[in-house]
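One line per chain: the protein sequences are A and B, in this order. Everything in the first sequence is counted per the working numbering, starting at 1 for the first residue and increasing by one. Everything in the second sequence is counted per the working numbering, starting at 1 for the first residue and increasing by one.
Hint data in this document are derived by calculation from the structure and do not stem from the laboratory. In this text, a Cβ means the ideal position worked out from N, Cα and C, and glycines have one as well. Incorrect hints may have been included.
[Claimed, not checked] In silico negatives: residues of chain B with every beta carbon more than 12 Å from chain A: (1) Gln77; (2) Gly142; (3) Ile449.
[Said to hold, decoys possible] Here are some chain A residues pointing at chain B (derived, C-beta under 8 Å): (4) Asp13; (5) Asp15; (6) Thr19; (7) Phe23; (8) Gln113; (9) Leu116; (10) Lys118; (11) Val120; (12) Gln124.
[Said to hold, decoys possible] Negatives, chain A to chain B, calculated, CB over 10 Å: (13) Thr20; (14) Val31; (15) Ala35; (16) Glu43; (17) Trp69; (18) Arg72; (19) Arg73; (20) His74; (21) Lys77; (22) Phe115; (23) Pro119; (24) Pro122; (25) Ala131; (26) Thr136.
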Amino acid sequence: MAGKARVLVIDDDADVLATTRLFLESRGYEVLVAAGPEQGMHELESGKPDVVVLDIMMPHSTEGFHWLWNVRRHTDKAIREVPVVVVSSIHQTTPMRFREGEADETGDYLPAQAFLDKPVDPDQLAAKIDALVNKTAQ
Amino acid sequence: MADRELTQAPGDLSLSQIELIARIRWLIDLRWGAFVGVTATVLITREVFHPPLPWGYLLATAFLIPLYNLFFHFDWQRANRVGREHLERTSSVLANAQIACDLVVLAALIHFSGGIENVFEFYFVFHMVIASILLSRRAAFGQATLALCLFAFVAAGEYVGILPHYNSPIGVRLSGLHTNSMALLAVLWTMATSLYVTVYLATSISSRLRKREEEVGALTRELARHAQELEAACDRLSELEHAKSTYARNVAHELRAPLAAIDQLLRSVTDGLQGETSDQAREAISRARARTRALLSLVNDLLSLAAARQVRVLGQWRNVDVREALASVVDGAMPSANARRITIETHIDENVPPIHADAKAVTELLDNLISNAVKYSFDGGRVTVRLCREPEGILIEVADSGIGIDEADQEKLFTDFYRADNARKFTSEGTGLGLSIVKSIVEAHGGTIVVRSRKNEGSTFAVFLPVTHPPKNAGGPE
């Protein structure tokens, strides 16, 4: 199952998007890509991915945050509960707190299931995706 | 009462005006006491000594005091109600009028109780002291002249017989003194010199004091102005710190994002995902990737350093359990330690209290110390981390069995970008910013850091952090 999982990657950086796609496809995942939040929502609703890999800082600064909160408020339960791996090049010294497994409406913690710093290590990303897919399958 | 009214006086009056306005009120209050004193003295003298004095005149004069004092009392209240300009204009007239009335009443009382034979004549002197303190030097000399004229009028009037003379009721009888021309001249001369010398001395002292007061007032106003400027500068500094933080965050993204993209692109080539490449090209790309990662480390360290230097003002201060932070940092360091067979040993005192700190900064501090210890340890070595309680804080000790630091290098260790020669030779990894970051974080938390090291025998970094250390802008722990 893990190797065949369908992953949606959302990133406004075309190079990152292309290379992440290559990394994941070379490891056997089926990859959907979106270059921005709107396209990302469309792909999420139509493609029904198992996991989303989301860049948090997109053109309008913190668009990824809003996108994620919109997903968590979606009317479709399957979409609302899709596991999300946040990838970001925001440095750890910024006031934003990324912590796995914790989320609240104050925005202090993001409602995501995993976090990775950019540049993404493909093996680490694959491990996170597999863990989330397996967890959902259980 | 006087103070309350003084505070109602507008702020831009001069100190001497403020003093005058306050003292006029004081003089009015004092006069009620004077009336009681004079009346009591007259009545007691009459009842005890029964001297032949015009008691009716004496008491009538004494009762003039509350009458004109009532007038001054209401006039003062009206002046206060009307406002600053009126108060400024009338305060000096009011003070002069009050003292003049007092002098007239005193002269009358003296006349009705013995004239120049009355020893109370020297009460004119303390009126001169009051006049010298409250009025200008010119007005005080004017009051002295009025006092002298009134006294001379009484003395001369009694001497020539225009005014009747009443013998002094005091024990030592000086009857007939008022008709003795030499005695008259001597008393007038003594009175004149006493009054003028008193006014001269008192005005000299009070004008000097007034000048000092004006100087102190000017300095106080200057100080208040500087305090205001300082407050504005502080606000501006806070704004700048905030702007700097936002700038740093933007730089973080703007620099790290392209570097991350470059790294991913290069990795896709070295992983063979972009088609076949020659070994030589792959080698060159691997080196380019290593340089990219070094640059990323540098950007990270520069941002960490900027954050460490702002933590005192911009940190998220709360109670932090250092044991938790330490456990997570040690976990994070394990992969690189295991890869080189380095053992990380921890000794954690379970009684370590939480400290008031910025959690991210504390993690950053521990991460730098422990990753440095692993980085500069020999393969198969040992890193020992101790966390224990101290009387007013906690002590973190990170010891390694690594390359050590030459004594000459130890004092430069916390300088930005400084790396000791043996450290450079041992590994090319490192930006020379790690210990600068550590020192900034320790200082922001009011702590201290000590290094004990000998070359080739390992190093120990000991950090003391106090339990409470209020940051500059915080109201207290959350």
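Against the structure, the hints:
| no. | hint | result |
| --- | --- | --- |
| 1 | Gln77 | holds, 60 Å |
| 2 | Gly142 | holds, 73 Å |
| 3 | Ile449 | holds, 20 Å |
| 4 | Asp13 | holds, 5 Å |
| 5 | Asp15 | holds, 4 Å |
| 6 | Thr19 | holds, 4 Å |
| 7 | Phe23 | holds, 7 Å |
| 8 | Gln113 | violated, 19 Å |
| 9 | Leu116 | violated, 11 Å |
| 10 | Lys118 | holds, 4 Å |
| 11 | Val120 | holds, 7 Å |
| 12 | Gln124 | violated, 11 Å |
| 13 | Thr20 | violated, 7 Å |
| 14 | Val31 | holds, 13 Å |
| 15 | Ala35 | holds, 14 Å |
| 16 | Glu43 | holds, 21 Å |
| 17 | Trp69 | holds, 20 Å |
| 18 | Arg72 | holds, 24 Å |
| 19 | Arg73 | holds, 26 Å |
| 20 | His74 | holds, 27 Å |
| 21 | Lys77 | holds, 34 Å |
| 22 | Phe115 | holds, 14 Å |
| 23 | Pro119 | violated, 4 Å |
| 24 | Pro122 | violated, 7 Å |
| 25 | Ala131 | holds, 17 Å |
| 26 | Thr136 | holds, 26 Å |
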